[in-house]
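Peer 1: What follows is the residue order along each chain.
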Amino acid sequence: MRPRLELLDRPLLERIVAEALQLIEQPGARVSPHVVELLRDAGVQVENGVAHFPEALARKALAGVPHEFYLYSRDGQPAVHYGGEDVHFDPGSSCLNILDSETQQPRPAQAADLVRMVQLAEMLPEFAAQSTAMVCNDVPQDAGDWYRLFLVLYYSSKPVVTGAFSGPSLRAMLDLLALESGGAEALRQKPRAVFDVCPSPPLNWSDFASQNLVGLARAGVPAEIVSMPLAGATAPVTLIGSVVQHAAECISGVVIHQLACPGAPIVWGGAPAIFDMRTGVTSMGSIETAMLDLACAQVGKYLGLPTHGYLVNSDGKYLDAQAGMESGTSAVLGALGGINMISGAGMLDFVACHSLEKLVVDAEAIASAKRLIAGIEPRSDSLATAMFAKTGLSGDFLKLQETRALFRKEQHFPSAVIDRGGPSFSDGSGSAEAPDLFARAHTRVEELVAAYQRPTLDPDREQALVAFAEREGAKAGLNSLPGIAKVLA
Amino acid sequence: MSDATFAAMRQSIIDGAPETAAELAQQSLLAGLLPLDSVNLGYVPGMHCVGEEFAQRRMFLPDMMASAEAMRAAMSVLDPELRRLGTERPRAGVVVLGTVKGDIHEIGKCLVGTLLTAHGFEVYDLGVDVSGEKFAAAIRERNADLIGMSSLLTTTMKQQRTIVEVLEKEGLRSRVKIMVGGAPVTRQWAQEIGADGYGKDAATSVALAHSLMEDASRLASMENR
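Each protein sequence line maps, in turn, to chains E and V.
Note that the numbering used here has the first sequence beginning at 1, numbered continuously upward.
Note that the numbering used here has the second sequence beginning at 1, numbered continuously upward.
Incorrect hints may appear among the rest.
[What the hints assert, rightly or not] Cut-off 25 Å, straight-line C-alpha distance, at most; resulting in silico cross-link-like pairs (DSS-like, lysine-lysine): (1) V:K101 / E:K475; (2) E:K409 / E:K390; (3) V:K101 / V:K134; (4) V:K169 / V:K134; (5) V:K101 / V:K200; (6) V:K134 / E:K317.
Honestly, the hints are just simulated from the structure, not real lab data.
Quantities reported herein were computed from a predicted structural model and do not represent experimental measurements.
Build the full structure now, drawing on both the sequences and the hints.
Peer 2: Encoded structure:
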């Protein structure tokens, strides 16, 4: 059996959805002028920028959302299945800093850092998708959103979890994706990317979030609502109250999105968190934050929508035991929750800092979590007696044919990042100079990046992507292509 | 009699009890206590105690918010009388606050505003999505000593630098001290963009604002010499 963790029972799920539907009717949700006409045409009352969504309309919109869809890799193969109990992971997104591999201190991220992270994630099978992971400080802000995506498309063939922080950015990013896919229609048929769209808590669809929902729906490119209730600050302090707010934000977003294009793919996602009452920080690594993610995803599953969460990151500043504990625990919990896409790996310091070394450590936690949800299965008619019939009480299982045939299915083999069977103090082979976790992780980063080869891209499309970047980059004041110039030279 | 009243005032702030705080303020006026004494010997020591308890992690943010609300309730009773007597509580400073352009997250900035107000600052909150030009206009209009810029998003944090540049261009930079804060903001970032101070949370912003005011007045007295 597949192990599962559920935090809510059915009566509670029903109450959550019922209260969420009440909330979007009264007090309603703030919406941008951009979508007022769309909503009024559908019979939604909008007064002073606040939309009051009728329950029947909300339920109809929810019923029309596809239960599943795929993201495709560059070669057109379905690579990420959103829906059901499938669990995938991608690195965290859009942070400003990177933990420098040499100094182990945070510093502003550059395009070259994002390139290395994309190369690394390309080499790690634990990551089904890439993310536009870092804000590149050597790229002008106006070009930042699409430039991140450009680098990912240039260096990766995996699907991408991305997002636009403005209306013009979204247009540029959809143009880029269409160039890479061979046209807008090809992109609609086989979307390569999903776009995070964030309502502002509580219940506010800002201009660019509203525009993104509509723009994505019409382009047929999947949207991923990332609702971020901050329990105790911008959302009710109770976990259950924040889950209701999350549901209300998601449902109101689904209505706007489905009105723009019925049946367009959309994800019930989020980055909920608790507000720490001692420090006022948004704790991304706390157990309550993981509980919120699981509960929110459970509501989405109950409604039949694909799901997303934000886990596998840490509030800690360094790659230490706290980072391992928070990230490892939440990777396991997210997998047990059956969340379709779990973003966040590699991140430290309340999602302010990325780390290549942490990404490879997190990959180990993800691999373990995936082993866990693969569960315990019978592999033969008898569970143990047939093997005992061969060995008797000799205890000699290593020689058995079954052992050789089955051990790969039973055991996951971590990389050398995990210290298992290394030098040991107990037999005298260990020493204080043995590489620590950071050193082992750094070695693996170097090995994987060195082994990376850029996936082939049709030369015409590559030329089109680069031409786009040069043209649009020039408008934003870029006279070279950071992270790429060297490759071209 | 008045010692017990001051102790009760102090306690009403620690308890975060606005009704009690306001009622004690009313009673003190009827009893003929000087309002400035009530402020300085009753309520303000309450806020100091709350700050200390918070620093020791024995009180939490919701407690602190309630204390600030109690302080506001007491001052709303005492302020008219203070004005009438011409013994207004000395202002700790004039602060203009806002969440930077492109960002609409205001919880952190509002916390800072509440706490600074409770600690005697005159606070003008410009709200969210505030441009450098709006900050500049408010600095002129309010004759501000300090500004506080907040941003929650890594992507909007860069606006803080832009706003500093606008203030430089408008010739206002030397007139104000600049505080920055928000989830992605660091001390290093504050230095990099030429801000004067960084508060890691709302509680530390109070001490930061006080120390920036001291820096400013020390500078002013040196210039006057």
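Peer 1: For each hint given before, does the structure comply? Return the numbers of the non-compliant ones in rising order.
Peer 2: 6
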